[in-house]
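My request is simple: use the sequences and hints to build the entire structure.
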Amino acid sequence: MINSFRKNIKGIVIEGITLVSAIIIIAIVIIMLVVIFIGGKSQLSWEFLTSFPTEGMTKGGIFPAIYGTALLVIIMSIAAVPFGTITAIYLTEYAKENSIIAKTIRFAVRTLAVIPSIIYGLFGLGFFIKFVGANVDSAFYGGTLRWGQPNLLWASLTMALLTLPVVIVSVEEALKTVPQELRAASLALGATKWQTIWKIVLPGSLSGIMTGTILAVSRGAGEVAPILFTGAAYYLATLPGISDQFMVLGYHIYVLTTQSANVDQTLPIQFGTTCVLLLLTFTLNMSAVVLRYRIRKKKNH
Amino acid sequence: MIVEKIHTENMFLYYSGKMALNNISIQIPEKKVTAFIGPSGCGKSTFLRSLNRMNDLIDGVKIEGKVMIDSVNIYDKNIDVVNLRKKVGMVFQKSNPFAKSIYENIAYGPKINGINNKHQLDEIVETALKNAAIWDEVKDRLGDSALGLSGGQQQRLCIARTLAVNPEIVLMDEPASALDPLSTAKIEELIVQLKEHYTIVIVTHNMQQAARISDNTAFFYLGELIEYDKTRKIFTNPEKKQTEDYITGRFG
Numbered sequence: 017m018i019n020s021f022r023k024n025i026k027g028i029v030i031e032g033i034t035l036v037s038a039i040i041i042i043a044i045v046i047i048m049l050v051v052i053f054i055g056g057k058s059q060l061s062w063e064f065l066t067s068f069p070t071e072g073m074t075k076g077g078i079f080p081a082i083y084g085t086a087l088l089v090i091i092m093s094i095a096a097v098p099f100g101t102i103t104a105i106y107l108t109e110y111a112k113e114n115s116i117i118a119k120t121i122r123f124a125v126r127t128l129a130v131i132p133s134i135i136y137g138l139f140g141l142g143f144f145i146k147f148v149g150a151n152v153d154s155a156f157y158g159g160t161l162r163w164g165q166p167n168l169l170w171a172s173l174t175m176a177l178l179t180l181p182v183v184i185v186s187v188e189e190a191l192k193t194v195p196q197e198l199r200a201a202s203l204a205l206g207a208t209k210w211q212t213i214w215k216i217v218l219p220g221s222l223s224g225i226m227t228g229t230i231l232a233v234s235r236g237a238g239e240v241a242p243i244l245f246t247g248a249a250y251y252l253a254t255l256p257g258i259s260d261q262f263m264v265l266g267y268h269i270y271v272l273t274t275q276s277a278n279v280d281q282t283l284p285i286q287f288g289t290t291c292v293l294l295l296l297t298f299t300l301n302m303s304a305v306v307l308r309y310r311i312r313k314k315k316n317h
Numbered sequence: 017m018i019v020e021k022i023h024t025e026n027m028f029l030y031y032s033g034k035m036a037l038n039n040i041s042i043q044i045p046e047k048k049v050t051a052f053i054g055p056s057g058c059g060k061s062t063f064l065r066s067l068n069r070m071n072d073l074i075d076g077v078k079i080e081g082k083v084m085i086d087s088v089n090i091y092d093k094n095i096d097v098v099n100l101r102k103k104v105g106m107v108f109q110k111s112n113p114f115a116k117s118i119y120e121n122i123a124y125g126p127k128i129n130g131i132n133n134k135h136q137l138d139e140i141v142e143t144a145l146k147n148a149a150i151w152d153e154v155k156d157r158l159g160d161s162a163l164g165l166s167g168g169q170q171q172r173l174c175i176a177r178t179l180a181v182n183p184e185i186v187l188m189d190e191p192a193s194a195l196d197p198l199s200t201a202k203i204e205e206l207i208v209q210l211k212e213h214y215t216i217v218i219v220t221h222n223m224q225q226a227a228r229i230s231d232n233t234a235f236f237y238l239g240e241l242i243e244y245d246k247t248r249k250i251f252t253n254p255e256k257k258q259t260e261d262y263i264t265g266r267f268g
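Quick note, the sequences are listed as chains A and B, same order.
Position one of the first sequence corresponds to residue 17 (our numbering), numbered consecutively onward.
Position one of the second sequence corresponds to residue 17 (our numbering), numbered consecutively onward.
Treat the hints as calculated values from the structure; they're not laboratory data.
All values reported here derive from a predicted model rather than from experimental measurement.
Warning: the hint list may mix true and false statements.
[To be verified] Subject to a maximum C-alpha distance of 30 Å in a straight line, what follows is the list of computed DSBU-like cross-link-like pairs (lysine-lysine):
#: 1; chain 1: B; residue 1: 155; chain 2: B; residue 2: 127
#: 2; chain 1: A; residue 1: 215; chain 2: B; residue 2: 155
#: 3; chain 1: A; residue 1: 209; chain 2: B; residue 2: 82
[Stated by the list, open to error] Incomplete in silico selection of chain B near chain A, CB under 10 Å:
#: 4; residue: 45
#: 5; residue: 73
#: 6; residue: 75
#: 7; residue: 89
#: 8; residue: 98
#: 9; residue: 111
#: 10; residue: 112
#: 11; residue: 115
#: 12; residue: 127
#: 13; residue: 131
#: 14; residue: 177
#: 15; residue: 187
#: 16; residue: 227
Note that the Cβ used here is the ideal one computed from N, Cα and C, for glycine as well.
Put into structure tokens, the structure is as follows:
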């Protein structure tokens, strides 16, 4: 009697603890979203999205930061998506499953995925700026500082490295959903391996490549550490080109919060910027989830 | 006159060192239906796939001996596998249409062979679908996805797709095993028609099917070719006890 009562109590307590943990997580998400949206709501306007910061960034909009973020993720995708896709094609279509080279690549990809993002920033600074950029300057510009300094291109390439594992893994997953029988059918019709990949395998995994791209863009849009040393700017009065430093949403929040002369006055803009960044990454992630769900559904058919 | 199309001599096949085909020597005549029968794992499908080198796709497969098609050893170093597979088409057990339209499924082979003329493609598609006895069922919806067809239709579409490349030999790996009796009957009828123009080699688990449609039958057991003769002879008066046991259903 007493024993079963004890067991009962134990069961209730355990269930209670798990439930509370789950509620805490949900509560954190809700509080975060509510606070940010309430704080930022009043800021969100067409004006805010399309104008430059004014009055020491205590007024005005965040257009240059949106513009910089967009350029960053576009250039990053142009670099990371083809490169990642080609790597994934090698891994699934060419490399033998357990060959040393395939294992080495997979190990490298996993390692890339767990390297802290600030290390990418340092690598970008050391490799792209101090090595590649500086050498380009001394070779083509007689040593004038042009590419050997932080800019949009180097920041985008650094970000591309960071997002490469995301692209590789997503595309690989998508390539694997294309049934082996279709490859066999294509080859049996006298198609070459490359024709099979190009006309059957890749079209069959387009949505996976899209998912990978979106996830990479979403990751890239939110990261700040890799671009700290490689291109992010505090404030710019003009829109950047590829060889200029640039403003970006994530870094802009940091700047407003810690570097501004008058942090309190920038508070509404901080909230507004955070809101925009959150909406952006949230939307991107949701579309990736939807796409991925559709791929899985297709696979199960 | 019977012309020899395929001919193997002392052919051995190993999967990662394990023997799967043991000393296969066979002559397969042109424009006839030749059936391979035998219990699961006897090597008949493996042998079929070595005739268009689909086994190349599997790691660790090694082949010894001669596999001659039109008196050329297809495992010679200077053989272009891509051209070989155009000449020796294959229909698989599970129908495997591409996730494309009916038209594009058929046009795929000709297109990769460099035919891009729309008029010419139309003609090839129509002929192939007619030869595979599916034209009447799909002619009004060539633009629809091939995946919307029934299982039997999909398999005939796959046969049409193979024919569109204009092969000389069509290998069929249990092409009707996943189909209902009506669809099976259609495929069988089709196979008999096809031998007018093509050399057909078919693997089947269904002995009645082999008896109905083939001219010659080869019985495989444990990687060996036990007996090979006219189909009527195999099914009425086999030479070997193992063959008789198998066709009378005593094992397998």
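Subject >> Violations among the numbered hints >> reply: When the structure is compared with the hints, numbers 4, 7, 13 and 16 turn out to be violated.
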